[in-house]
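Colleague: So the sequences go chain by chain: A and B. Per my numbering, the first sequence runs over residues 1117 to 1508. Per my numbering, the second sequence runs over residues 3 to 178.
Quick caveat, the hints were computed from the structure, so don't treat them as lab data. Please note: incorrect hints may appear among the correct ones.
[As the list claims (entries may be wrong)] Partner residues aside, some chain B positions facing chain A, computed with beta carbon under 10 Å: (1) V9; (2) A11; (3) K95; (4) A99; (5) L102; (6) D117; (7) G177.
By construction, the Cβ of each residue, glycine as well, lies at the ideal position given by its N, Cα and C atoms.
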Amino acid sequence: MFLPDNYEFYCPVKTNSGNRALEHIPIDLDALSSRKPLIVTSKDVAGKGAVKKIVNAFKDSGITVGIFDAVPDVPDIKFIEEVSNIYRNKEHDSIVALGGGPIVDVAKIMNIAVSYNIQGLKELAGDDLIINPLGPFVLVPTLSGTGYETSRFAKIENLTFSSHFLMPDLVVIDPRMIKAEDSQIVVATAMTALTHSAEAYTCPAKNPLTDTYAYAAIQYIAENLVNVIEESKDKEGRLALANAAAMAGCALSNTAVDIVHTLGEVVGDMFDLPNGICMGILLPYGLEYSSNKNGYHTADLLLPLAGFDEYAKTSENLRARVAINMITEMQHDLYDATRGEIPRTLEEAEVPRYMLQDIAEKAVSCGSPKFDFDGYLTVLEHAWEGKPIARN
Amino acid sequence: MADYRKVAAGRKPFKRAYVAVMLWFVGRAIQATARVDKVVKKEFEALPEEFTFSLGVEPGGPHMIVGKNKKGRVKYMGWEPEGKHIDLKMEIKNLEAAILMFTFQESTAIAIARDRMIVDGEVSYACTVVRVLDIVEVYLLPRLIARLAVKRYPLWSFRHKYIGRARIYFRSILGY
């Protein structure tokens, strides 16, 4: 049994997942005292018919919805201010983010702007500077997601906003909305969610409640990711991945990002690679490094990854090794399933070896103080070669 | 502003009409079953005097209202909840959830378990209503469909089921 001396956990997110989940939005909005929602999405998502489906879900509710469907791939603060003005001028009283990535960031930061009714958003960027509840915010993901969507974080330009009030009031995961996507997007999002949940499950900030969210997320990803890539019609698998992402975000919001998350973002940003693909490559090595440092929780990862039978028949001192090997095997299976599209090492991702020191230096400047230059470099070098880190 | 538009939510008249007809018929069938089936009769006897409940769809109906009159007889009391004292309100959260229930893709118990209903009133009375609905569905529906709609299909004798079914259909259609 693991019980920390002290812990805090806060998760205001109501999740509604499954068949006809969309149709529950009007009554849930009503419970949030909202009658005039603004749906925020992108042209790409709207073009796939998602807007039509969500509008259909409002039929018979008597609600008139506003739709703004022009969120760009790289929004900026000026754009947020423009959308916020539309929200105010049209007298909306809640935001429904339809999609993922920048759409959710826009919706979250817009919620700060309209709730605080301020222009200088930059003043509220940082950790826990938003201290009052925001307006009703509903999230409807249209792909499996990374976990960021349900988390306490939102990013725009070079600003990161962090507050529990940024977490959605309601997440609606409906199988009709979760469409088959390009393999690389599915792997990138699922590996980000796996990183968030595996790091939440093994980091010092873990607690029994983050464990519950992280456990389910890891289990869903381990059971479904490879199959979803091999079998594009696996609707149930896609729904499980979307649920895993939502849970990973809740776990992440109550722990802290760790070495894999930090390095994955730095490598992705420096070499224009999807961050989740980088996190997938780095995850086994990051977990190995962390288990060398503070070890005992990594062994517990085997239970959600492999199930009771495998966990019970693996001796205690081997569990961490077997769990890490399972993640490496998953990477190999994804490589095979995508015919080499998903790289297994940083070398395969075409990250030059001579740049590893630069990456480590950048990670030191923006990452957790728990890890030093040598720590980052060790993980990077082993992830480049695909060679396990020897246990001390 | 070119990327902004307002869309008024439309309506689903056919689905709403289907659910309205089903509620109307089930309401009359509850009245009939309370006269024919001893278990249902006993369930209603255990409820308070002049107990009335409604089962409907949010927002704005349709509804069915069933209750006990002053003589203790179970009566279907129409589809208008306005102006009636209702002890227990059971509201299906939306029309699509009602369609799942009334096309027997989800049983009443499963619909409640999946948070598709709101219960305003005593939960123990709601449990009674769910048990009554299960029995009514067994009478009204062929075994193949009823097995989907109820928690556990009962082992009834031929006479109990088929004579009971004929009497309930007859009474429901004639409304007594």
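Colleague: Provide an ascending list of the numbers of those earlier hints which the structure does not satisfy.
Modeller: Violated: hint 7 alone.
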